[in-house]
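Trainee: Each protein sequence line maps, in turn, to chains A and B.
The first sequence runs contiguously to residue 353 in the working numbering.
The second sequence runs contiguously to residue 1306 in the working numbering.
It cannot be assumed that every hint is accurate.
[What the hints assert, rightly or not] No farther apart than 27 Å at their CA atoms in a straight line, the calculated lysine-lysine pairs in the BS3-like style are these:
1. B/LYS1122 x A/LYS244
2. B/LYS1162 x A/LYS290
3. A/LYS290 x A/LYS305
4. A/LYS24 x A/LYS106
5. A/LYS176 x A/LYS24
6. A/LYS290 x A/LYS306
These are computed hints drawn from the structure, not numbers from a lab.
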Amino acid sequence: MKKHSFVALLLALACFAGRAEQPKLVIGAVYVGSVNDYGYNRSFHDALAQVARDLPGVKILEAENVPESATVEGIMEGMIQQGAKLIFPTSFGYAASARKVAKRHKDVAFEYAGDGDASRNFGVFFGSTQIAWYPMGVAAGRMTKTNKLGFVMGMPIGYALGNVNAFQMGARSVNKNVQTIVVVTGGWADKAKEAGAANALIDQGCDVVGMHVDSPATVIQTVEARGGMSIGFQSLEARALAPKGWLTGLGFTWTPFFTKIAQDVLNNRFRGEAVYQGLGGMVAVAPFGKAVPPDVQKLVNDAAKKVAGGFSPFVGPVKDNKGNIVLPPGASVGADQMGSLNWYVEGVVGKVR
Amino acid sequence: MTTPLVLGVLAGAVLSGTSLLYATLGETLAERSGIVNLGLEGVLLMGASVGFAVTAVTGNPWLGLAAAALTGGLANGLFGWLVVTRKANQLASGLAMMFFGFGVSALVGAPHVGAVITGLPKWRPAWLGALPWVSASTLFNYDLLTWLALPVALLVWWLLFKTRWGLGVRAVGESPAAAFASGRNPALMQFQALGLGGMLGGVAGAHLSLSLTLTWAEYMTAGRGFIAIALVIFSKWNPLRAVVGALLFGGAEALQLQLQARGSLISPFILEMMPYLLTLLVLLAWGGSRRLAAPAGLGRTFFGSD
């Protein structure tokens, strides 16, 4: 989630503390963007706000638009000075700084949204979205009339390829003739190109468009204006952008995990671990749009339950879109290996590099 | 129904070329008066964010557009105070203004990220919509800014080359000393050109946030301000050639996306380079010409006649 945020540190002080004069636990959260982005950053903000409502005596400190540079160290140090005992560095590029600050403050717990090793006071977590895209594909595959699905991608990294692959495999499970066309914009927030990409996909006859970019707002609104349908990503609230064409989407639900971590810190039980959860854990299916009939909703919900129960489409035999067998029978790609994917599955129209 | 490649590219070229054209026209005005503003990217960003913020608060995109134009004009006014009144170095001040623009736009836009706005209304004459393929595409379904882009280019051309004011601006751009000797006020002319140019830059940014993307995100211009500066050179400081330049660059960007959507087997990384490669090639091909039309006083500071 790289962002070109050059300036503007808004240290927003949100105080949700109850009647207690002295909060029992101060939680600090650092965001790379704005919490109003209908996307990634908002998902963390919403979850922490819920934690503060659920657990009495919890106070939240938030810093928005913090660039992935040494600046973030100072922000975290400042939060610790204000009494923070639990800190969420929520952007991938905060890793080095967060680990440094964690070494200096062994009494403060860190939960970093990314990957790498965990340690005594440094936990690592993330939502695995790839397989969760499978039920999204089921929705798109059943709703499309043209059998052409579109996908706008910021950059062709392994995680994004995994999202598209699961989307296409889900769509194919209900529609043998469906294909997914991918357009790469080359940046996570080049909004004009996202609009152009969505228009190009609709021009080619795609009638359902999904996306993996920082904020889904431009793609969803462009598709809506052209009369197409969309599948959202990153936030459960994006449906407000498309009253007609919204089908469903994936969002992050960090609340249960954050609540558990906050309780662990309160009870001095915190141990840093690496935790990755998909559907049923940190990832959830967004509410359906009006356009989706009940039988399709049921199919999607069933697929989501199957995935939450451990099903994965990334199990061989799987062919890539050039006809090569990329996963021989029995081979599989685990949620932790998605970052190294470098192929599109059969039925995806696009070239990785 | 699929849209033929040519129409898709043309439609995309117009949509993404609109903001490029306004930005290029604004910079052309400034450079014709001898001032190069490398901070154009910042002006675009401030226009985009102020326009979006005002629209989000008032619900009226026209107010947003007006605020964006005003912001652009004020930003260039500040730049003029630096380089004309205070006689600071233009290149250094321009870069500083760019970073200033990053900061201001982020600050103004932050509370409104994610706001849902009603954009500038779009309108397509019925007879154009009845043409084959057009009804299903974005062709001719334009907001006022796109419809007015060509007339504004003509207007800027007319101002620069057919009016006394334009003659004065160009005279100052060639030689402030000579213009001063002939009784003109170089500083005043430069402020006027900068102010008008800044308003066009603000409008360019507003087109991105209020029409094309209906959103505000930090650094959403993604280098379009710099492309516009290159387009000024490409168009040899001529507002009419700028139309060709903006369409060409917008078309290259659209072609890249349209080719991907058609399942082209070219690497997306190579496709991404296309618009910039094209810019380089065009600059190479045209740069060799003897008749380089750069204003002679471009980038130089006029320290008065003493």
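Trainee: Are the hints correct? Go through all of them and say.
Mentor: Tested hints:
Restraint check for B/LYS1122 and A/LYS244: the C-alpha separation of about 19 Å stays at or below 27 Å, so the hint holds. The hinted pair formed by B/LYS1162 and A/LYS290 fails the criterion: a straight-line CA distance of about 58 Å is larger than 27 Å. Straight-line distance between C-alpha atoms of A/LYS290 and A/LYS305 comes to about 22 Å, which keeps the hinted pair within the 27 Å bound. In summary, the hint linking A/LYS24 to A/LYS106 is supported, as the alpha carbons are separated by about 19 Å, within the 27 Å threshold.
The suggested pairing of A/LYS176 with A/LYS24 is violated, with an alpha-carbon distance near 56 Å, which exceeds 27 Å. Between A/LYS290 and A/LYS306, the direct Cα distance comes to roughly 24 Å. Compliance with the 27 Å bound is thereby established for this hinted pair.
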